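**Q** Chain residues, written in single-letter form:
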Amino acid sequence: MSTESATATATAPAAKGRNTKGGKGPRYARTGYLFVAPFMIAFTAMFLVPLAYAAWFSLFREQMIGGNVFVGLDNYTRAFTDPLLMAGLGRVALFFLIQVPVMMALALFFALALDSALVRLSRTVRLAIFMPYAVPSVVAALMWGFLYGPDFGPIAQFADRIGATAPDFLGADLMLGSIANIVTWEFTGYNMILLYAALRAIPVELYEAASVDGAGPWRIAWSIKIPLLRPAIVLCMVFSVIGSFQLFNEPSIMRTLAPNVIIAEYTPNLYAYNLAFVGQEYNYAAAVSFVLGFVIMAGSYLFMLATNRRSRS
Amino acid sequence: MSTVIEQPQAPAGPAARVRPRKPRPKRSTVLTVGMLAAAAYFLLPLVWLVIASTKSSEDLFSTFGLWFGGENSLFTNVKETFTVDDGAFGTWLGNSLLYAVASAAGGTFLAALGGYGFAKYRFKGNQAMFMGVLGAMAVPSTALAIPTYLLFSQAGLTDTPWAIILPSMASHPFGLYFMRIYADSAVPDSLIESGRIDGAGDFRIFFQVTGRLLMPAVATIMLFMLVQTWNNYFLPLIMLNDPDLYPVTVGLAAWQGQASTSGGASGDYLPLVVTGSLVSILPLIIAFLFLQRYWTTGLVSGSVKQ
Amino acid sequence: MNPRFRRRTGLAAALASPLAFGACARQRVDPPEQVSRAEIDEAMRTPTELNFWTWVPGIEKQVALFEEAYPDITVDVTNAAQGAGHYAKIRTALRAGRGAPDVAQIEYEMIPAFTITDHLLDLRPYGAGELEDRFVDWVWAQVSGPGGEVWAIPQDTGPMGMLYRADIFEAHGIEVPETWEAFAEAARALHRADPEVYLANFPPSQGAYFAGSLWQAGADPFAGSEGPVLNVDVTSEPVRRVAEYWAGLVAEGVVSTDPDFSDQWYQAANRGKYATWLTAAWGPVFLQSTAASTSGKWRAAPLPQWESGGPAAGNWGGSTNGVFNITEHPIQAAVFAQFINTDPECTKAMATEQFLFPPTKALLEDPEFTGMELEFYGGQKVNEVFAQISETVSPEFQWPPFNDQVRADYGATVGAAIAEGGDAAAALGDWRDRITAYAEYQGFTVEEAS
Numbered sequence: 001m002s003t004e005s006a007t008a009t010a011t012a013p014a015a016k017g018r019n020t021k022g023g024k025g026p027r028y029a030r031t032g033y034l035f036v037a038p039f040m041i042a043f044t045a046m047f048l049v050p051l052a053y054a055a056w057f058s059l060f061r062e063q064m065i066g067g068n069v070f071v072g073l074d075n076y077t078r079a080f081t082d083p084l085l086m087a088g089l090g091r092v093a094l095f096f097l098i099q100v101p102v103m104m105a106l107a108l109f110f111a112l113a114l115d116s117a118l119v120r121l122s123r124t125v126r127l128a129i130f131m132p133y134a135v136p137s138v139v140a141a142l143m144w145g146f147l148y149g150p151d152f153g154p155i156a157q158f159a160d161r162i163g164a165t166a167p168d169f170l171g172a173d174l175m176l177g178s179i180a181n182i183v184t185w186e187f188t189g190y191n192m193i194l195l196y197a198a199l200r201a202i203p204v205e206l207y208e209a210a211s212v213d214g215a216g217p218w219r220i221a222w223s224i225k226i227p228l229l230r231p232a233i234v235l236c237m238v239f240s241v242i243g244s245f246q247l248f249n250e251p252s253i254m255r256t257l258a259p260n261v262i263i264a265e266y267t268p269n270l271y272a273y274n275l276a277f278v279g280q281e282y283n284y285a286a287a288v289s290f291v292l293g294f295v296i297m298a299g300s301y302l303f304m305l306a307t308n309r310r311s312r313s
Numbered sequence: 001m002s003t004v005i006e007q008p009q010a011p012a013g014p015a016a017r018v019r020p021r022k023p024r025p026k027r028s029t030v031l032t033v034g035m036l037a038a039a040a041y042f043l044l045p046l047v048w049l050v051i052a053s054t055k056s057s058e059d060l061f062s063t064f065g066l067w068f069g070g071e072n073s074l075f076t077n078v079k080e081t082f083t084v085d086d087g088a089f090g091t092w093l094g095n096s097l098l099y100a101v102a103s104a105a106g107g108t109f110l111a112a113l114g115g116y117g118f119a120k121y122r123f124k125g126n127q128a129m130f131m132g133v134l135g136a137m138a139v140p141s142t143a144l145a146i147p148t149y150l151l152f153s154q155a156g157l158t159d160t161p162w163a164i165i166l167p168s169m170a171s172h173p174f175g176l177y178f179m180r181i182y183a184d185s186a187v188p189d190s191l192i193e194s195g196r197i198d199g200a201g202d203f204r205i206f207f208q209v210t211g212r213l214l215m216p217a218v219a220t221i222m223l224f225m226l227v228q229t230w231n232n233y234f235l236p237l238i239m240l241n242d243p244d245l246y247p248v249t250v251g252l253a254a255w256q257g258q259a260s261t262s263g264g265a266s267g268d269y270l271p272l273v274v275t276g277s278l279v280s281i282l283p284l285i286i287a288f289l290f291l292q293r294y295w296t297t298g299l300v301s302g303s304v305k306q
Numbered sequence: 001m002n003p004r005f006r007r008r009t010g011l012a013a014a015l016a017s018p019l020a021f022g023a024c025a026r027q028r029v030d031p032p033e034q035v036s037r038a039e040i041d042e043a044m045r046t047p048t049e050l051n052f053w054t055w056v057p058g059i060e061k062q063v064a065l066f067e068e069a070y071p072d073i074t075v076d077v078t079n080a081a082q083g084a085g086h087y088a089k090i091r092t093a094l095r096a097g098r099g100a101p102d103v104a105q106i107e108y109e110m111i112p113a114f115t116i117t118d119h120l121l122d123l124r125p126y127g128a129g130e131l132e133d134r135f136v137d138w139v140w141a142q143v144s145g146p147g148g149e150v151w152a153i154p155q156d157t158g159p160m161g162m163l164y165r166a167d168i169f170e171a172h173g174i175e176v177p178e179t180w181e182a183f184a185e186a187a188r189a190l191h192r193a194d195p196e197v198y199l200a201n202f203p204p205s206q207g208a209y210f211a212g213s214l215w216q217a218g219a220d221p222f223a224g225s226e227g228p229v230l231n232v233d234v235t236s237e238p239v240r241r242v243a244e245y246w247a248g249l250v251a252e253g254v255v256s257t258d259p260d261f262s263d264q265w266y267q268a269a270n271r272g273k274y275a276t277w278l279t280a281a282w283g284p285v286f287l288q289s290t291a292a293s294t295s296g297k298w299r300a301a302p303l304p305q306w307e308s309g310g311p312a313a314g315n316w317g318g319s320t321n322g323v324f325n326i327t328e329h330p331i332q333a334a335v336f337a338q339f340i341n342t343d344p345e346c347t348k349a350m351a352t353e354q355f356l357f358p359p360t361k362a363l364l365e366d367p368e369f370t371g372m373e374l375e376f377y378g379g380q381k382v383n384e385v386f387a388q389i390s391e392t393v394s395p396e397f398q399w400p401p402f403n404d405q406v407r408a409d410y411g412a413t414v415g416a417a418i419a420e421g422g423d424a425a426a427a428l429g430d431w432r433d434r435i436t437a438y439a440e441y442q443g444f445t446v447e448e449a450s
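Residue numbers (the working numbering), protein chains in the order written: chain R, 1 to 313; chain W, 1 to 306; chain G, 1 to 450.
Pairwise CB distance ranges, derived in the manner of DEER restraints:
hint: 1; chain 1: G; residue 1: 443; chain 2: R; residue 2: 83; range: 20 to 28 Å
hint: 2; chain 1: G; residue 1: 83; chain 2: W; residue 2: 242; range: 13 to 21 Å
hint: 3; chain 1: R; residue 1: 215; chain 2: W; residue 2: 75; range: 52 to 60 Å
hint: 4; chain 1: R; residue 1: 34; chain 2: W; residue 2: 197; range: 16 to 24 Å
hint: 5; chain 1: R; residue 1: 65; chain 2: W; residue 2: 86; range: 37 to 45 Å
hint: 6; chain 1: R; residue 1: 90; chain 2: W; residue 2: 212; range: 47 to 55 Å
hint: 7; chain 1: G; residue 1: 170; chain 2: W; residue 2: 72; range: 36 to 44 Å
hint: 8; chain 1: R; residue 1: 173; chain 2: G; residue 2: 60; range: 43 to 51 Å
I should point out that these hints are in silico values taken from the structure, not numbers from a laboratory. Here the structure is a predicted model, which means the values were calculated and not measured. By construction, the Cβ of each residue, glycine as well, lies at the ideal position given by its N, Cα and C atoms.
Put together the whole structure using the sequences plus the hints.
**A** Structural data, given as structure tokens:
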């Protein structure tokens, strides 16, 4: 929660020429409530109530033998010492450390290149890179699963033709990388568009002078544009923290291709799903989800804190 | 975060889309080639998908994946995709459309109203409520799946379209965030004031005057929610049991499961999964091409990968 | 009372305690001692709609025959999900107390998972007790409870056998191995002679295959478990023998470890990478449609044996129809489950058109079934081979009350270890530890074999 408050406080002074709120005085406060009421009611019913219920649910333990008992924080104690959950968290943390920097570097590079006006056909290129965002992750995983296929996948076929052996993309060593590639494929364009849009919003005057002084486009990108992009990059990173730690769809589809590599506890989200739907440990699954949510919040908060501090110094 | 704030302003002002630029620097061939190579990487799987959907199940495995096989089975495949299982695929597409449009329309309306309210009115709890909504984004959707399922089933809503539409409408807080920022900068207070002086009620002002200024943001959020719901897999997987209610993502995954577990049918289902995948992404790609004008400037909203 | 208000109070009660959901699920119909003929006749004349969840292709045929016999009953067939998803969906629906089917397809290995939570209806009062003589003994043992309950009606089975490529065997001078020892020898010889070909593929995450192998080896790891007491003996000598046998062959590199039923595996089967498929009675027809390009080259035989004494086999797959006790129409549901699995026309169609391997004595002795000659197997009477194997399946094999969890744990421990050719004995220990920890968490009293 704090991550967003940090975001918002950062935004407040930045909004230029913001007027005082239109609805001053108690008379309009009621109208204000009426405006936000539909959203808040829907949000409460569809989000907060289930969330509160899940939180409360996680304090129980229902057994096949012995029924249901209140166990307080036992499920959380178990979660924090659960080696399977920790292994899963470690895996997605590694995934985050490998995949996100690559994806962000690519997205940033593409955005800068497209913004620099150095590239021909930039509209087509931009669309092409963004296109995978329109592909459901289920379909993306199905496609890549086939492309990775040993023997019959195009990559393996190609390697075979030139007398080489394609790496075992679905093997235990490469699986995380293979999934990272799918996610990178899906979301680089999306992040690129975010950064590109942010770049378009930078007033030209800010680097016009530099241009006049003879700074080339690379130098302008490095010294002027990237520092200005920092808030947008941070935002993308926070979304990536959430996305990486919640990884579910891709591994769950890839599981049919390599069931012995993608085990039930491969990612924390997959683990929670299997706890609930295979092991019937519904209460513990809820606790695991909250621990995961907590890790994500802590992760994003730390990330914001780190970047804020650095930008201040 | 200033860039994020400024984003919505771009389409707001009439001149914002055309940014005055200095004479362009010389184009770089190296960079162009590099970018084209990158574009090729991003298009490659889609090219594969198009090629694969022209193949019979035999050719899928026996011919080179990135080139066409002996004979073109595209039409057979498409016909099969839409006729097998009593035309289940068409039903799934229709369901996806219904869920996506209904939740995008409803969700955007709620977000527009709410974002406007948060931006333009001062009331007790304004800030706190807003922050609460944003903080909720960090909670994984799986945490909610089972409790939501249990609550919904108590209300008799599981295995109905509502089980998808209602949660999709309200569980993407980013729409609200985006709308608030947008309304904040795009709607001048003076406009509201002058409406009030003319004696119009605040809701009338919103629906007749100020709401119109939010249209670019509305289009962006709508497209974004459309994508979210169309691509959603986890929620319908849990909520729906009746295959007649599946959206296309769950349906395709079910076919994929059938292709592998029922083996005998493997030869029959695999081209359907491939062709079905292609058909299922066409509507969104067309929507993106069609609404390019909006999202290139407006789609700053961040979605959670799911 | 206003129905809306009622719903609200129901929700409030549910929120007050998660137990309430369990309570909903356990609102079961008390089965009367024995339902009379008259009661059954009356129920079958009452217009009723039954919900039936199944994955069996073509089952509509049997449903139609049932609806013809009982025109007042309509059966709504739903294929909700494949594999594990099927049970997950049933369980969540049962748990929520709403939307669960009346009748469902249930594999033998999953029956205890639904009896431990008290969700299956004992079918004895509805006439199922008298069906015992019609079914093969070991199959009937699988659907029977310790108190003689009948938890489900068998539909098909999968006694395990070996399909082999006669052409490859011949080319390399391999005799059909009768013992596992001979099988291992042949595996080494074949792979040495042709590195592209493996005598067998061990599917590392196929827990059902492994369980069937244990069955054949005479292991019965959960024998004697009843109610809250769970016996776990997955480290016994026969279990270790099976696990170490495969881990050894994998370590030698003479057995492949592709996941079965994957694109890769189908392709390999067509290409002739595997010289045998260790499978079950449903395998022959399945293979015929998936490896069509190898027609005429395959033959069927019993599995190799651990001991040269009496032949033994295990079972892999097959399923039953069970009735959930939340049903509002227990009589109709029970009659339906019995009808489609015992009516001569229904069962004959299953065996000869849908190729489900029958569990009934009548069909296993029916020359029209056993005498079928399959082109794909060079005209061999494959059904006869498997009908004979079916007689060698031991009735002593018990499933744990949480088989899906045991399977998942198997994949993560033993399956993974075998796939790497690793230390199978250590992995069995890990498997036991996981099962024990889970069972204790679920409130079972675990008794490990010394």
